[in-house]
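Number of protein chains: 2
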Amino acid sequence: MAGTNSERELLTGGPAIILVEPQLGENIGMVARAMANFGLSELRLVNPRDGWPSEKARSAASKADHVIDGVRVFNTLEDAIADLNFVYATTARERYGFKPVRSPVVAADTLRAKFTGGENTGILFGRERWGLTNEEVALADEIVTFPVNPAFASLNIAQAVLLMSYEWMKSGMEDHGATPFQPIEQRPATKEELIGFFHHIEDALDARGYFRPEGKKPKMIDNLRAIFSRRAFSAQEISVMRGVVNCFDRYSRTNPRGSTADEEAISDDSRE
Amino acid sequence: MAGTNSERELLTGGPAIILVEPQLGENIGMVARAMANFGLSELRLVNPRDGWPSEKARSAASKADHVIDGVRVFNTLEDAIADLNFVYATTARERYGFKPVRSPVVAADTLRAKFTGGENTGILFGRERWGLTNEEVALADEIVTFPVNPAFASLNIAQAVLLMSYEWMKSGMEDHGATPFQPIEQRPATKEELIGFFHHIEDALDARGYFRPEGKKPKMIDNLRAIFSRRAFSAQEISVMRGVVNCFDRYSRTNPRGSTADEEAISDDSRE
Numbered sequence: 001m002a003g004t005n006s007e008r009e010l011l012t013g014g015p016a017i018i019l020v021e022p023q024l025g026e027n028i029g030m031v032a033r034a035m036a037n038f039g040l041s042e043l044r045l046v047n048p049r050d051g052w053p054s055e056k057a058r059s060a061a062s063k064a065d066h067v068i069d070g071v072r073v074f075n076t077l078e079d080a081i082a083d084l085n086f087v088y089a090t091t092a093r094e095r096y097g098f099k100p101v102r103s104p105v106v107a108a109d110t111l112r113a114k115f116t117g118g119e120n121t122g123i124l125f126g127r128e129r130w131g132l133t134n135e136e137v138a139l140a141d142e143i144v145t146f147p148v149n150p151a152f153a154s155l156n157i158a159q160a161v162l163l164m165s166y167e168w169m170k171s172g173m174e175d176h177g178a179t180p181f182q183p184i185e186q187r188p189a190t191k192e193e194l195i196g197f198f199h200h201i202e203d204a205l206d207a208r209g210y211f212r213p214e215g216k217k218p219k220m221i222d223n224l225r226a227i228f229s230r231r232a233f234s235a236q237e238i239s240v241m242r243g244v245v246n247c248f249d250r251y252s253r254t255n256p257r258g259s260t261a262d263e264e265a266i267s268d269d270s271r272e
Numbered sequence: 273m274a275g276t277n278s279e280r281e282l283l284t285g286g287p288a289i290i291l292v293e294p295q296l297g298e299n300i301g302m303v304a305r306a307m308a309n310f311g312l313s314e315l316r317l318v319n320p321r322d323g324w325p326s327e328k329a330r331s332a333a334s335k336a337d338h339v340i341d342g343v344r345v346f347n348t349l350e351d352a353i354a355d356l357n358f359v360y361a362t363t364a365r366e367r368y369g370f371k372p373v374r375s376p377v378v379a380a381d382t383l384r385a386k387f388t389g390g391e392n393t394g395i396l397f398g399r400e401r402w403g404l405t406n407e408e409v410a411l412a413d414e415i416v417t418f419p420v421n422p423a424f425a426s427l428n429i430a431q432a433v434l435l436m437s438y439e440w441m442k443s444g445m446e447d448h449g450a451t452p453f454q455p456i457e458q459r460p461a462t463k464e465e466l467i468g469f470f471h472h473i474e475d476a477l478d479a480r481g482y483f484r485p486e487g488k489k490p491k492m493i494d495n496l497r498a499i500f501s502r503r504a505f506s507a508q509e510i511s512v513m514r515g516v517v518n519c520f521d522r523y524s525r526t527n528p529r530g531s532t533a534d535e536e537a538i539s540d541d542s543r544e
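For the protein sequence lines, the chains are A and B, in the order given. Every letter in the first sequence is one number past the one before it in my numbering, and letter 121, counting from 1, is 121. The number in my numbering is simply the position in the second sequence, starting from 1, with 272 added.
Hints listed in this document are in silico derivations from the structure and should not be mistaken for laboratory results. Possibly wrong hints are sitting among the right ones.
Claimed, not checked - Below are the SDA-like pairs computed for lysine to any residue, each with C-alpha atoms no more than 20 Å apart in a straight line:
#, chain 1, residue 1, chain 2, residue 2
1, B, Lys328, A, Leu24
2, A, Lys63, A, Thr12
3, A, Lys99, B, Ala504
Chain A on its own, in the form it takes in the complex (with noise of 0.2 Å):
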């Protein structure tokens, strides 16, 4: 899979993530790679255990170096948080209190919404084994926390900011089927197309006497056109379906395509 690439948008801006005492430098750059795919790239880290800056998150980060090397320490949460508007706390447990408690998808499209009205806006991660304290969550506006099986509910901490960081990506889209590329488009099939293989393949079918006894010949017929009829397809898939009935029908295994007298191409509509 392609690393960054200078010729296309680098999406950057949204909420602060804000990891308080993040412990290993590993997960620090798998956050800021998480972030990066998502289009997120302010980092805080409230007392990283093992310093900054770090080889490791840089190395982890696989290449999201425009995160990394904006990354800001700070002594506390409280510094760490001083020139937000509005902030979440992420968390898998459940916690006894007062604060609303939004799903990701709502968490995002708030994020959005204030985003877009100027707020500056974060969400914070706690430790890798037990998360944030109470007084920490106090701080945040609101909880967000994750819609996991209720057996096997602990995420880890790039994983958390991943899933956040793509809600945010997705909270911008105006559609959510929306994909960054499409097929190939094909024109599809007109009925005469689709009539003129049908009249096609059964002609190539009757001259080797396949509509036997006579009386089913219609019902055959049925059957064999609700199967064609079954998807719409394009005028490209008619082609070579026809090219693959013309091939049948003029060639056999011991009479095949350039080994006869009869060097008659297939012709030209049929072919693909």
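Guided by the hints, dock chain B onto chain A, whose structure is given.
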């Protein structure tokens, strides 16, 4: 964050995840963990480079043992998908072809509908370095791709599996705003409780000469009430705020609670 918890429901089932020639055991383990997080359980490997079983995979799976124990290994992709009815291929790179290309949301909804209809489904993920070959993609029914940052499109395999697993979980939810736990219910304050608080704080301030000059008193009261009307307080919050006003009203820095002959407690209705 919590690991497996046998008292809670363990979600299983859903589409098979098929890794084609995965290289690192750690990645296979992280894939298993991501699947378990969002209720998938069937993992198939095509020619894992370092063989199977893998202690590195089990360790990285962080106790997703039910996924690791159920792994099935195949020599070819054809064998791995033989019993399936419908298969997605994941790709980060644009593929020039005719296959439908879907977003994760649409793909997960499609998989959910087919799963509910009794079909066997699967999702193919390629090698860490270079994904799936065109021939492998050709074996799938449709393509799924992620809405990534155009200049930083490289997702690692466990992250790609995590996103599809997460969307699978969401496709089974009626409401994408639902959360596994909710805040403690608080009864909203009545207007009588709110107005009682207004009178309480205004009386205490008036006794201290806060409303000066007298002519500005109505405007000052307006401003004060506007602050406390901006959002709906709960009955409990009103009670806490009355306790605060009471404390300011009855005691001073030089004469704090408990230091005076007047040992009258803060009235019950305003304590929390």
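Now for the hints, and whether the structure bears them out:
1. Lys328(B) / Leu24(A): This hinted pair holds, its Cα atoms lying about 19 Å apart.
2. Lys63(A) / Thr12(A): Within the cut-off at roughly 15 Å; holds.
3. Lys99(A) / Ala504(B): holds, 14 Å
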